[in-house]
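Can you join these two chains into the complex? Each is in its own frame, and there are hints to help.
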Amino acid sequence: MTDDNLKEYWAINIRYVLILISIWFIVSYGFGILLAPMLNNIQIGGFKLGFWFAQQGSIYVFVILIFVYVYLMNNLDIRFGVQETEEDS
Amino acid sequence: MSVQIWTYIFVGITFSLYIGIAIWSKASSTSEFYVAKGTVKPLTNGMATAADWMSAASFLSMAGLISFMGYDGAVYLMGWTGGYVLLALTLAPYLRKFGKFTVPDFIGDRYYSQIARTVAVICALTVSFTYVAGQMRGVGLVFSKFLEVDIFWGVIVGMAIVFMYAVLGGMKGITYTQVAQYCVLIFAFMVPAFFISAQLTGNPIPQLGFGSKLVDGSDIYLLDKLDQLHTELGFAAYTSGKKSMQDIFFITVALMVGTAGLPHVIVRFFTVPKVKDARISVGYALIFIAILYTTAPAIAVFSRTNLITTVNEQHYEEMPEWFTTWEETALLNWVDKNGDGRITYAPGQAIVGNPEINRANGKIIRGEYGEVTLLNLLTSTENELYVDRDIMVLANPEIAGLPNWVAALVAAGGLAAALSTAAGLLLVISTSVSHDLIKMQFKPDISDKKELFFARISAGFAVLVAGYFGINPPGFVAEVVAIAFGLAAASFFPAIILGIFYKKMNREGAIAGMIVGLLFTLAYIGFFKLMYPEYNTPEYWWLGISPEGIGTLGMLVNLVVSLIIGMIYPDPPVEVQEMVESIRYPRA
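Line order of the protein sequences matches chains W and F. Note that the working numbering has the first sequence beginning at 1, numbered continuously upward. Note that the working numbering has the second sequence beginning at 1001, numbered continuously upward.
Just chain F, same shape as in the assembly (with noise of 0.2 angstroms):
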């Protein structure tokens, strides 16, 4: 069978298998709605966590990045699992002791003040927004590649089944349905890691293949043939990296410590029952992503390897199938710059932009070798090869020549992270806007059911704007969501450290922090990203610090403004002091 005859048989039965969850788990008060009643078993928790938070970038994004960037992928390895340590140790506890709906509930009722609320709430929905129109993507290109669907109705399938799930059964129908997306995108993940590991390293184990020997009889460590064959092309060795190692250091905290402030994640702490399984379901959590995370990078090695060997200095005409199958999506092309009819792989863009095919009524007009043509403009580099970096999971088990079921694992596995984490993002969005907006600030006296009401129309409304982003995305998939980072760091983190460790804290030092926290991080990266991304490099750059990394500086710049705006003015009153007491101990 081909691989688009399995695809539609797993994604057939994956989504089939939502649906049904949706509809058993149909939320009927907002408590149910917002934290499943706080009800959630740890162990459940720390699974729909992990889904939660292995979003289409983690899956199908990550690897793909990893193996371009070598070292410097360790950005986002260490970058997106290191804040699950903070998170245990200085949020999920206390906030969990709390005991509310959502993050700007503890920000208002922490700082005392409905400006504080309103500041937080627009954090949450900037954030959030920002992240979820990369899921909606990622379902796009799974759709596009796999179903051979314009990624519009991609995304429009995909708005449609999160809409089912997320707007009937709120954080009960995302928690049970995260818990069988993680099933589906782990499976989807390891089979063709087992495969692959096997194939070039005679060891199964993914995280132990990559630092073994290669089987092809050289004895000699697949590390050390991919650092060889780095140099030989002229790229920086594998395992060294390029960016610059304060870069390096401030991406990664960025990315720590915005994991930590981001609302969706937080939020999962509020729906278990006590203080002692938040604290556990942190560790269950990260338990589940080092899983993904561990392998993520011996797939970046096992497919870099594998393509420069399939590719480098080949005939084209020798090329195997999914070569061509890929060309013919823009998403891996050639160009034959010396003519020689072969591809010549080395560093710097083969060609200007995103490739364009070159057709005539519609159809693909091919060159000497058989090769798609395109419209592109050539650089004046020796690289001949177009390779879109999110392709590199995608066409993996292809590359590997693994049996078609394997690929269709995977679109299957691509789309549940995209979705579970859409859904929980979605989640937020609108209980930002009917529980912080609508209920705290304009109609206190609002009824359980009225509210529950808004909160299904804000998230109908908010998979709609999401969509729309998904169609017209603004860069990679993996970008996008590392900005989303930046803001969380800047904005929640030092706000509700703050106010967990520090009494004294007050609604002043706090608002003003997260304001100039915010926007500090906004203006640099909209600087940087949308007006002048031509400047976008090492030497523009402040400090050296790039537009995923100011996040770092903008967290630090939050804490000074509060710290020094709260000397100026009065403490909070004793009841606030009260209370930040009372969720430092479990029972008291």
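The shape of chain W in the complex, shown without the other chains (with noise of 0.2 angstroms):
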């Protein structure tokens, strides 16, 4: 494991973060508070959209970008060699 690929796999891992910190908070920040009361406007179901943002919504998708996160790393960690064997825990 050369210095430069570790160099190339912390800057792909921060691009990730950086990408799923901003849906994190276009969704939570976004759609559930900047935008809620326009988003008010639409209505699914009996739900108000920024309304459901705010209290469902962003919360869903949480969950989703942390898994994702995880798909992403397990991955990338494979792609360059740096991942724990069994001997490692």
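By construction, these hints were calculated from the structure, which means they are not laboratory data. It is possible that some hints are incorrect.
Claimed, not checked - Listed next, the in silico EDC-like pairs over lysine to aspartate or glutamate satisfying Cα-Cα at most 16 angstroms (straight line): (1) Lys1097/F with Glu1578/F; (2) Lys1213/F with Asp1227/F; (3) Lys1213/F with Asp1224/F; (4) Lys7/W with Glu1578/F; (5) Lys1450/F with Glu1032/F; (6) Lys1449/F with Glu1032/F; (7) Lys1097/F with Asp77/W; (8) Lys1504/F with Glu1575/F; (9) Lys1337/F with Glu1321/F; (10) Lys1097/F with Asp4/W; (11) Lys7/W with Glu1581/F; (12) Lys1337/F with Asp1388/F.
Quick look at the structure:
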């Protein structure tokens, strides 16, 4: 494992984190708070959309984001050969 | 059978279970006591983290708070879940790779300084004590209502139980007890929710139910109906709320970042074997948490609707039995201001202060209609109803007319939630004292057995202090807890993040940042919550930020101070920079 390889691994990791954190921010602070009054004009079933994002939707998105990150990082670990072996544990 | 007998049965069974686990899982080394030897399976850890995380505030108070806050309740829902994304993406895997016992371990080693370690210990103790007081209060509340014992004795019993499994089993005992407690609390939370959702909307899934139409034949959506009731009574519409947008924003950030900086949560990710396990167990934890957190806003809507339709403009004499039993606990009271014998519910406080029951020779003095009378002065509002927000979850099954065993189940769940969180916090407190202070600062050559002994002593001492604050609490359960988050956000979070992602961050910057962040936040909260509570209104707040949201600003202050002071002083030593490099890769 060369230093350049590790640098690339870290750079890709940072990119994943930044993209996922942006989605995290847009859904919770964007849809749930800043844009909520506007989104409340749209009603789906009994839910006003801004209210739904603030009290339901953002939480579902949080769960999905974590599992996406786990999936991406497990693959990235293998691609760069930095995954842990059984003896490491 | 009465609720009380059912409660004794459920509480008896669950407490025996916890004690059984305590005896089975006795810890024999400090590694077992602090991090369960790092051998916990990710799914187990996820469940234990969820129980650790969901406190008396989440279980007992949150749905009640939301039902009085409406849309504004989103600060708790997003704030107490969103932090897990930060944990999974920016903290847990790296701290696992670092692989020691505590957060102060990381701060002390990363910032190559005993002062940094001490500052981190002080932050950990301040945060944990603030938080644990709320838990003990929750225990007392459940005991006093359901088993009709004094809050004082309720707290004592709770302390004794936590003492047993936290002091004996340490992290190992706590982990397996928390798994059991998660099962108890989630079952207890969901059962009434299914029943009530089906009753009101015909859909048993509460997450869908509160967006459905009512089954009373009116063909109107539940939320629309509630908005309508609110507007008629003069409240703000339920789905729009009344806090300012910037305050909502700041509180949510403080709670999210605080979550990611809470030592008792972070330490759970030291207990799994691998970096990979640390990542996935945050995901599992959030699923288990989300089950409760997506149900709570539905319960809030159900109980709010049920409360308003049951009491408003109805005769006191026609009130169901639950109304009168709660009156005697001074958590739900009526004062007939206009003398018409009907309960008028409107915005504003009904009375001055918390209800004080009017007694003569220990007997309650009753009014014209048989209501419990109060000594309190009346306010000039039209509102005649006092409702303690903490009772909304506890009273919910009775308000909806569910069987007695459901109400008793809620009591057992509330206790499980409070005890599991208290134990996790007490472990952080005892580890801070025995490991971070005694072992790392004063007596590095101490034997493992002696260290374990000190860990147990300090856990015992922490239980006593927590109990004291439980009996003499400084406010509503959820509010006390909310403050701990501000402190965690303003102290730990920036130091850990910079420590992982900014290799050149040095000790001088980190220490200055933590101290300034913590003091700033403490001073702001202390000013409005302790010294001048009469000024605790939006017009006096700085930039319109409430004490609950000030941690966000504290965190920013911490970041700026860290970076500026950091620039003045030299870079950290090469071995520290290499250590930072090494925690970035699962194997390297």
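Do the hints match the structure? See the list:
Only pairs whose Cα atoms come within 16 angstroms are accepted, and Lys1097/F paired with Glu1578/F is accepted, the gap being roughly 13 angstroms. For the given pair, Lys1213/F sits about 13 angstroms from Asp1227/F by alpha-carbon distance, which is consistent with the 16 angstroms threshold. A hinted pair counts as satisfied when its Cα atoms are at most 16 angstroms apart, and Lys1213/F with Asp1224/F qualifies at roughly 9 angstroms. Simply put, Lys7/W and Glu1578/F have alpha-carbon atoms about 13 angstroms apart, close enough for the 16 angstroms limit, and the pair holds.
Simply put, Lys1450/F and Glu1032/F have alpha-carbon atoms about 14 angstroms apart, close enough for the 16 angstroms limit, and the pair holds. Simply put, Lys1449/F and Glu1032/F have alpha-carbon atoms about 12 angstroms apart, close enough for the 16 angstroms limit, and the pair holds. Only pairs whose Cα atoms come within 16 angstroms are accepted, and Lys1097/F paired with Asp77/W is accepted, the gap being roughly 14 angstroms. Our distance criterion of 16 angstroms between C-alpha atoms is met by Lys1504/F and Glu1575/F, whose separation comes to about 12 angstroms.
Note on Lys1337/F and Glu1321/F: the hinted pairing is violated, with a Cα-Cα distance of about 22 angstroms set against a maximum of 16 angstroms. Under the criterion of a C-alpha separation no larger than 16 angstroms, the hint pairing Lys1097/F with Asp4/W is inconsistent with the structure, at around 21 angstroms. For the hint linking Lys7/W to Glu1581/F, the alpha-carbon distance of about 10 angstroms falls within 16 angstroms, and the restraint holds. For the proposed pair Lys1337/F and Asp1388/F, the alpha carbon gap of about 19 angstroms is over 16 angstroms, so the pair is violated.
Checked against the numbered hints given earlier, this structure breaks hints 9, 10, 12; the rest are met.
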